[in-house]
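Asks: Chain by chain, the residues:
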Amino acid sequence: MANDVTNVVIAGLGGQGIIRASDILADAAFYSGFDVKKSEIHGMSQRGGSVSSDVRFGKKVWSPMIPMGEADFLVLCDRSQREVFWPYLKEGGVLISVDDIPSDKLPHSKTLNTALLGVLSTYLPISLEAWERAITLRLGGKLFEANRQAFDIGRSLISQATK
Amino acid sequence: MAQPDRLLLFGNEAVAHAARNAGVALGTGYPGTPSTEILETFSDLGGKAQWAPNEKVALEVALGASFCGARTLVTMKHVGVNVAADPLFTAAYTGVEGALVLVSADDPGMHSSQNEQDNRYYAVAAGIPMLEPADAQEAYDFTNSAIEISEKWKIPVMLRMTTRVCHSKSVVRPRWLFPPLDPPRYQRNIRERVMIPAYARPAHRRLRAKLAEIEAYSNACACHREYEGSTELGIVTSGVTFLHVREAAPDASILKLGCTHPVPIERIRKFAAKVKRCVVIEEGEPYLATFLRAAGIAVEPKPDMYRFGELNVDRVRRILAGDTSPEPSLPPGKLPELCKGCPYRPVYDILHRLDCIVAGDIGCYTLGVLPPYEAMDTCVCMGASITVGLGMRHVLPPDQARRVVSVIGDSTFVHTGLPGIAEMVYNPPPTGHVVVVLDNGTTAMTGQQEHPGTGRTLDHKPTNQVKIEEVARALGVSRVHVADPTRDPQAFEKLLVDCLNSNELCFVVARHYCILAAPSIREFERRAKQEFDYQCVPGGVEKDGE
Ligand code: SF4
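In the order they appear, the protein sequences are chains A and B. For the first sequence, my numbering assigns the number 91 to the initial residue and increments by one for each residue that follows. For the second sequence, my numbering assigns the number 15 to the initial residue and increments by one for each residue that follows.
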């Protein structure tokens, strides 16, 4: 039934910027006029442990949490977390992982997540304008230009794996 | 693109926006996941917000303000309500003048807590109304309703949030409901505010009369929502669980309760009569199911296995299918650990090496219980490290007693550690005791909040500082030391060994900034100094730490 809802799980380890990446995605979807829900856990789990954030958008989203096996996309900021979050990906869902990103081509090591979002953006009905606005809001600091470049590098890549 | 009347907010942010728009004059609380961002956002929006040393203090300060006619907001996590419970029950008797909204942020599934306490029972036990929002829009709307109910019936109101309401973002359309208030003024009303037995007895009767009225209001309240669907299956639910239910059973009839204390029994009775099978789906304890069955309404509770942890769409599907087979288990994630370079690391190294019996407390440093250190033996609640350690010292044979160390953080020490020091001075164990305060200059666990020991207010402006070592001295602890465990671990170890062998009451402040917080702390100090130099006032705030 949740056909009109797009489900994205972003996962990795505490301290890797998972929350910020999911904020950018949620904002971009919001600016595109969708109903958006985003769920995450703070506190103890953020000290280097497994962390994930669910972003769901579409015409109408009910639960803020993505049911098991219903994620359209799994974005992995750390390859060690593949096994942990794999059960969320649905059959035919797309895995976007740090392995897809040629890290030597990135302008800065801290722009990895933005490059992952760049890859993700090629699949989603979210305008470039909305992405740009979201990235400006959340990453408007010193690395802004580097992040913009990383996002474009991500856009030029295609992720490999589907489930 | 976004319209200005549409915001994407966390539930916590939505409460803050509503409070700000309603002219709440004072927000108080103690940081605790998942409640922390409410006051921070309220402050960012320009509201007057302050961290209290603990939840009891926060509630009492707000109560005083509300006695004078101000609208107030008090925030805490579920276990914080235990600390605030003493004034809460009496506040239900005294009532309030302006609004008092107490946010309890419950943590089903214990993502960052030591128990999964269901605070709906507090509303029943204390006798206060309770609203349960499901998402950020309702967090916004129900904050308004809570203020309204509180002012209309002059009673504190609990807004019960849960992790997934606090930390889920959804779209909010803000509404401005409240006209500006008159400035606070005190009106003497001794019979209603002084709870000696002669005045408390009628107060209890007044409270019950108010609750009866509020029950009538709740039965008719627009905060409940009914979704008409199949007459085969009806579901009674509340809070975030409704959202899982709506997704898992799009065809069912649903009664979603907004106000769950007083329970709107008649409303539910009518709903249940319309459907063949009526299931109560609620997170945590079988609160509603028990109430409804006691009232003779034929509802089906969830199987007991779903009492544990959070609900989600998958689990709601299983409940509806009556499926009690073991749930699929996810591969375990990576456990959290102390950051690389955390100043607590050398302390735990040493405690582990010395084979200490460690009475621990609540904070980042609770992670010392996990490998590689496994250097924490007990952890009960805020402040318990000192008192539990004392209990152990009292009864253990001397060779073991001398290995007992109480370890507590700086924020926790101010929260409820202080009375433990009074107890230690008053009833010293024969072998003395050793308390180590891990002072990292912040409340690290919840995201670097200030506390009275940092000498900065919620918005990081300088204020008077409670000096931890001086407090210990003033309370009469014989040996008080300040040391940096990271800069010179050997010296720290030697100090600890001396203390353990001394048979005295020893208080060691292990001081070194949290590495994550250090850059911002230095920035706050730089700004404070600038302002200070500009003002050219003699004296000033002495800086300890790194
Ligand atoms: S946040 Fe600070 S106190 Fe907590 S583990 Fe990291 S360095 Fe240590």
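Please note that a few of the clues may not be correct.
[Unchecked claim] Simulated pairs of lysine-lysine, DSS-like, Cα-Cα distance not exceeding 27 Å:
#  : chain 1 : residue 1 : chain 2 : residue 2
1  : A       : Lys-253   : B       : Lys-348
2  : A       : Lys-180   : A       : Lys-149
3  : A       : Lys-150   : A       : Lys-232
4  : B       : Lys-543   : B       : Lys-62
5  : A       : Lys-180   : B       : Lys-348
6  : A       : Lys-200   : B       : Lys-354
7  : B       : Lys-348   : A       : Lys-200
8  : A       : Lys-200   : A       : Lys-150
9  : B       : Lys-543   : B       : Lys-508
10 : A       : Lys-149   : A       : Lys-232
11 : B       : Lys-62    : B       : Lys-348
12 : A       : Lys-195   : A       : Lys-232
13 : B       : Lys-62    : B       : Lys-168
14 : A       : Lys-150   : A       : Lys-195
15 : B       : Lys-354   : B       : Lys-168
16 : B       : Lys-475   : B       : Lys-62
17 : B       : Lys-62    : A       : Lys-232
18 : B       : Lys-508   : A       : Lys-232
19 : A       : Lys-180   : A       : Lys-253
20 : A       : Lys-232   : B       : Lys-354
21 : B       : Lys-288   : B       : Lys-354
[To be verified] Some, not all, of what chain B presents toward chain A, calculated at C-beta under 10 Å:
#  : residue
22 : Ser-126
23 : Thr-177
24 : Arg-178
25 : Asn-203
26 : Glu-206
27 : Arg-331
28 : Leu-334
29 : Leu-349
[To be verified] To give a feel for the contact side, a few chain A residues facing chain B, derived at Cβ under 8 Å:
#  : residue
30 : Leu-103
31 : Gln-106
32 : Glu-130
33 : Ser-153
34 : Pro-154
35 : Leu-214
36 : Leu-218
37 : Leu-227
38 : Leu-233
39 : Phe-234
Calculated directly from the structure, the hints in this document are not laboratory data. Note that the coordinates shown come from a computational prediction; the quantities given were computed from them, not determined experimentally. Glycine included, each C-beta is placed from N, C-alpha and C at the ideal position.
Asks: Any hints this thing doesn't respect? Which numbers, in order?
Replies: The structure breaks hints 3, 8, 9, 10, 11, 14, 15, 17, 18, 21, 25, 26, 28, 31, 35, 36, 37, 38 and 39; every other hint is satisfied.
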